[in-house]
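Visitor: Each chain is listed here by its residues.
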Amino acid sequence: MARAFTPKVVTANALIEGDVIYLTDAGTWTRELSQAALLTDEADAQLRLLEAEQKPGEAVGAYLADAIAGPFGPEPTHFREEFRRTGPSNYFHGKQAEGVSGH
Amino acid sequence: MYAYNDFDNAFLAERNKQFRAQVERRVSGALTEDEFKPLRLMNGVYLQLHAYMLRVAIPYGTLNSRQMSQLALLAEKWDKGYGHFTTRQNIQFNWPKLSDIPDMLDALAEVDMHAIQTSGNTIRNVTADHFAGAAADEIEDPRPIAELIRQWSTDHPEFQFMGRKFKIAVSAGEKDRAVLKAHDLAVRVVKNDAGDVGYQILVGGGLGRTPMIGKVLNDFLPRADLLPYIEAVVSVWNQIGRRDNKYKARIKITVHEHGLDDIRARVEERFAAIRPTFEGIDQTLFADIQSHFAAPDFRDAPLAAYDIAYDNDPLFRSWADTNLSEHRAPGYSIVTVSLKKHGATPGDASADQMRLLADLAKQYGHDELRISHEQNVILPHVHKSDLPAIYAALQQADLHTANIGMISDIIACPGMDYCALATARSIPVAEQIATRFDELKLEHDIGHLQIKISGCINACGHHHVGHIGILGLDRAGVENYQITLGGDATWDAAIGERAGPGFAYDEIVPAVERIVQAYLDLRQSQDETFIEAYRRLGLAPFKAYLYPEAQAHAA
Chain A
1 MARAFTPKVV
11 TANALIEGDV
21 IYLTDAGTWT
31 RELSQAALLT
41 DEADAQLRLL
51 EAEQKPGEAV
61 GAYLADAIAG
71 PFGPEPTHFR
81 EEFRRTGPSN
91 YFHGKQAEGV
101 SGH
Chain B
1001 MYAYNDFDNA
1011 FLAERNKQFR
1021 AQVERRVSGA
1031 LTEDEFKPLR
1041 LMNGVYLQLH
1051 AYMLRVAIPY
1061 GTLNSRQMSQ
1071 LALLAEKWDK
1081 GYGHFTTRQN
1091 IQFNWPKLSD
1101 IPDMLDALAE
1111 VDMHAIQTSG
1121 NTIRNVTADH
1131 FAGAAADEIE
1141 DPRPIAELIR
1151 QWSTDHPEFQ
1161 FMGRKFKIAV
1171 SAGEKDRAVL
1181 KAHDLAVRVV
1191 KNDAGDVGYQ
1201 ILVGGGLGRT
1211 PMIGKVLNDF
1221 LPRADLLPYI
1231 EAVVSVWNQI
1241 GRRDNKYKAR
1251 IKITVHEHGL
1261 DDIRARVEER
1271 FAAIRPTFEG
1281 IDQTLFADIQ
1291 SHFAAPDFRD
1301 APLAAYDIAY
1311 DNDPLFRSWA
1321 DTNLSEHRAP
1331 GYSIVTVSLK
1341 KHGATPGDAS
1351 ADQMRLLADL
1361 AKQYGHDELR
1371 ISHEQNVILP
1381 HVHKSDLPAI
1391 YAALQQADLH
1401 TANIGMISDI
1411 IACPGMDYCA
1421 LATARSIPVA
1431 EQIATRFDEL
1441 KLEHDIGHLQ
1451 IKISGCINAC
1461 GHHHVGHIGI
1471 LGLDRAGVEN
1481 YQITLGGDAT
1491 WDAAIGERAG
1501 PGFAYDEIVP
1511 AVERIVQAYL
1521 DLRQSQDETF
1531 IEAYRRLGLA
1541 PFKAYLYPEA
1551 QAHAA
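For the record, the sequence lines run as chains A and B.
So for the first sequence, the numbering used here puts the first residue at 1; every next one is plus one.
So for the second sequence, the numbering used here puts the first residue at 1001; every next one is plus one.
To be clear, the hints were calculated from the coordinates, so they are not data collected in a lab.
Hints are not guaranteed to be accurate.
Derived CB-CB ranges, DEER-like [unchecked claim]: (1) Gly-1405(B) <-> Thr-24(A): 48 to 56 Å; (2) Gly-1405(B) <-> Ala-43(A): 41 to 49 Å; (3) Ala-2(A) <-> Arg-1498(B): 29 to 37 Å; (4) Arg-1498(B) <-> Ile-68(A): 57 to 65 Å; (5) Arg-1475(B) <-> Ala-43(A): 28 to 36 Å; (6) Phe-92(A) <-> Ala-1273(B): 42 to 50 Å; (7) Ala-1136(B) <-> Gly-61(A): 43 to 51 Å; (8) Arg-1475(B) <-> Ile-68(A): 48 to 56 Å; (9) Gly-61(A) <-> Thr-1277(B): 36 to 44 Å; (10) Gly-61(A) <-> Glu-1024(B): 52 to 60 Å; (11) Ala-1504(B) <-> Ala-97(A): 22 to 30 Å; (12) Ala-43(A) <-> Thr-1435(B): 47 to 55 Å; (13) Gln-1363(B) <-> Ala-97(A): 49 to 57 Å.
Below 30 Å or equal to it, Euclidean Cα-Cα: the simulated DSSO-like pairs (lysine-lysine) are [as the list claims (entries may be wrong)]: (14) Lys-1362(B) <-> Lys-1077(B); (15) Lys-1080(B) <-> Lys-1175(B); (16) Lys-1248(B) <-> Lys-1191(B); (17) Lys-1097(B) <-> Lys-1175(B); (18) Lys-55(A) <-> Lys-1097(B); (19) Lys-1017(B) <-> Lys-55(A); (20) Lys-55(A) <-> Lys-1037(B); (21) Lys-1175(B) <-> Lys-1362(B); (22) Lys-1215(B) <-> Lys-1175(B); (23) Lys-1080(B) <-> Lys-55(A); (24) Lys-1077(B) <-> Lys-1341(B); (25) Lys-1165(B) <-> Lys-1215(B).
Coverage of chain A stretches by chain B, computed from C-beta distances (three or more under 8 Å per stretch; other residues unrestricted) [said to hold, decoys possible]: (26) 14-22; (27) 33-40.
Virtual Cβ for every residue (Gly too), placed ideally from N, Cα, C.
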């Protein structure tokens, strides 16, 4: 039996800045995970990923990352995605310093 | 050190112009990411977790003050005010924008620097003994051959898109400070019985998911045969190396699968074919390169200032005992400046620190700096009478940590704080271990002990050859750290043995503490180092300390 689909967000890095971005419901990019579209349907998720891949002038390396619904929007389920939405742990740099940590 | 000529400058200007146009075409949409990626990688541009990363080559780890100051400028102007020195003697900038990178490369070109071949499946930046030209134990300065290899390999048409990357290291010391046996190919300068200088060639070393110790392919190669022989080795591997599986593509696997004798026979055959095409231009070039590396004019001066400071200032004495190495010139020392302040990120230097180091090199160090694969900065030529002034300046910049070769002088890769390939963090583990042993005030009692930490199986943190190696993995979505013991990065190179089950993030520091406690309890005397004790005792007694619960169950 195929594994049950778990909710996802479409994420990538911005072409110019290289920072982490997420696809919104409106098909635009946001720098905050909490603003991302949480995709609960597998077919829809694949379509949204294809849509993201059609934006090579904006995003690099789009993929589907696991996420769960939280009180303020999607939240990561894996520590890698937690670092991506926050920034490095050795310096207060990246999203955490820009006020868009997603918390 | 080597200074670019008109040809080098023109080549680099052209190359940077090409890359600027490639970036423009990527931004305009004329190039897809798939088309652009190999081009950016050939110019040292990665896309990491939070941003792009620019990896700048510091060939054989050598810099002058102007170059170091320019790295400070890059850090301030286009990054977040710091740079990260790596285990391959490079520097990485963690936060550049893609659109700024062409300007950064132009700024590097102003001081004879570049980022070419710091990534991609090509011959990478050539590394060397960081004490080259200064060490008391070396046959000759190995950097002229490193520079020769750099020039030969840069943009070499046969070796731009190989099955995998290829790393070369050179050294001429009695001690191996360049981890020669962990390289795809290593050149060791040797002298034969007749007193002639030549090269011993090692091949097939490497770390990563299948660690291997390099083997001697040729015991004594005459000087003039160096480039054609290396070309033959890379050429043979480029043809028969596996391309079906990237994890089996490095030359260590080719050597392992074909056997050393088979590889040697193929290399000899290839060498015989291409040797006549090297008509001596390489040797003319080599002679010219050698002239760039003439030793500085070492001065003769009284040592009183040093003696007074050493006898009267215990902090200076502790630093001098730990961070100085024997220089070949009388009255001189090699200074290793630690980038491993307890609790700080290993290998990071701020722009201000880089500028201070540049100033010290200019004022006291014959304008030379080195970067070690151990992620520290070296002032290779310092007269001992200048050491008190240097120490005072380093204190002001928080660069005076006296811990070279000690448990807090940890190699750590960027790990999951930055790297897209990482499976766990390395930096905070290094920070916490260093902080803990500083609190315990045991560091100098423990003595020489190398901890090396990698945040994934690719082993940029050299964990396999750490006396204590730590490998960070992702186990079911949680960071988990495997420990290996008994690795060695010197001429007696050894791959560490895996100690047993891994440890959670919050268990790893206490685990290291138990291993160190085992050493302190079991050593024969204070003179027996950790690695010596490990070789005498083997894994078992250390394991008993590391896994006390298992012992309790067995009892």
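Visitor: Taking the hints in turn, state whether each one holds.
Guide: Here's how the hints hold up against the structure:
1. Between Gly-1405(B) and Thr-24(A) the beta carbons are some 52 Å apart, a value that agrees with the proposed interval 48 to 56 Å.
2. At about 58 Å, the beta-carbon gap between Gly-1405(B) and Ala-43(A) misses the expected band of 41 to 49 Å.
3. A C-beta distance of roughly 35 Å is found between Ala-2(A) and Arg-1498(B), which places it inside the suggested range of 29 to 37 Å.
4. Range check, Arg-1498(B) to Ile-68(A): Cβ separation about 35 Å, and the 57 to 65 Å hint is violated.
5. For Arg-1475(B) and Ala-43(A), the Cβ-Cβ distance of about 32 Å falls inside the hinted range of 28 to 36 Å, so the restraint holds.
6. At about 58 Å, the CB distance of Phe-92(A) to Ala-1273(B) disagrees with the hint of 42 to 50 Å.
7. In this structure the hint that Ala-1136(B) and Gly-61(A) lie 43 to 51 Å apart at CB holds, the actual value being about 49 Å.
8. Taken as a hint, the range 48 to 56 Å is violated for the pair Arg-1475(B) and Ile-68(A), whose Cβ atoms sit roughly 20 Å apart.
9. Separation of Gly-61(A) from Thr-1277(B) is about 42 Å and conforms to the stated range, judged on CB atoms against 36 to 44 Å.
10. The hinted range of 52 to 60 Å is not satisfied by Gly-61(A) and Glu-1024(B), whose Cβ atoms lie roughly 20 Å apart.
11. In this structure, Ala-1504(B) and Ala-97(A) meet the distance hint of 22 to 30 Å, their C-beta atoms being roughly 28 Å apart.
12. Checked against the hint of 47 to 55 Å, the C-beta distance between Ala-43(A) and Thr-1435(B) comes to roughly 50 Å, which is consistent with it.
13. The hinted range of 49 to 57 Å is not satisfied by Gln-1363(B) and Ala-97(A), whose Cβ atoms lie roughly 36 Å apart.
14. Proposed proximity of Lys-1362(B) and Lys-1077(B) is supported: the alpha carbons are some 23 Å apart, at most 30 Å.
15. At most 30 Å may separate the alpha-carbon atoms for a hinted pair to count; Lys-1080(B) and Lys-1175(B) exceed this at roughly 37 Å.
16. A distance of roughly 35 Å separates the Cα atoms of Lys-1248(B) and Lys-1191(B); the hinted pair therefore is violated under the 30 Å criterion.
17. For the suggested pair Lys-1097(B) and Lys-1175(B), the alpha carbons sit about 41 Å apart, so the restraint of at most 30 Å is broken.
18. Our distance criterion of 30 Å between C-alpha atoms is met by Lys-55(A) and Lys-1097(B), whose separation comes to about 19 Å.
19. Restraint check: the Cα-Cα separation between Lys-1017(B) and Lys-55(A) comes to about 27 Å, which is no more than 30 Å; the hinted pair holds.
20. Taking the CA atoms of Lys-55(A) and Lys-1037(B), the gap is near 16 Å; set against the 30 Å cutoff, the hint holds.
21. The hinted pair formed by Lys-1175(B) and Lys-1362(B) meets the criterion: a straight-line CA distance of about 28 Å does not exceed 30 Å.
22. With a C-alpha separation of about 17 Å, the suggested pairing of Lys-1215(B) with Lys-1175(B) holds against the 30 Å cut-off.
23. Taken as a hint, the Lys-1080(B) and Lys-55(A) pair is honoured in the structure, with Cα atoms around 29 Å apart against an allowance of 30 Å.
24. Between Lys-1077(B) and Lys-1341(B) the alpha-carbon distance is near 25 Å, which keeps this suggested pair within the 30 Å criterion.
25. As the CA atoms of Lys-1165(B) and Lys-1215(B) are separated by approximately 19 Å, the hinted pair is consistent with the 30 Å bound.
26. Against chain B, the stretch 14-22 of chain A contributes 6 residues with a C-beta closer than 8 Å to a partner C-beta. That satisfies the three-residue criterion, and the hint holds.
27. Beta-carbon proximity to chain B at under 8 Å applies to 0 residues in the stretch 33-40 of chain A; the threshold of 3 is not reached and the given coverage is violated.
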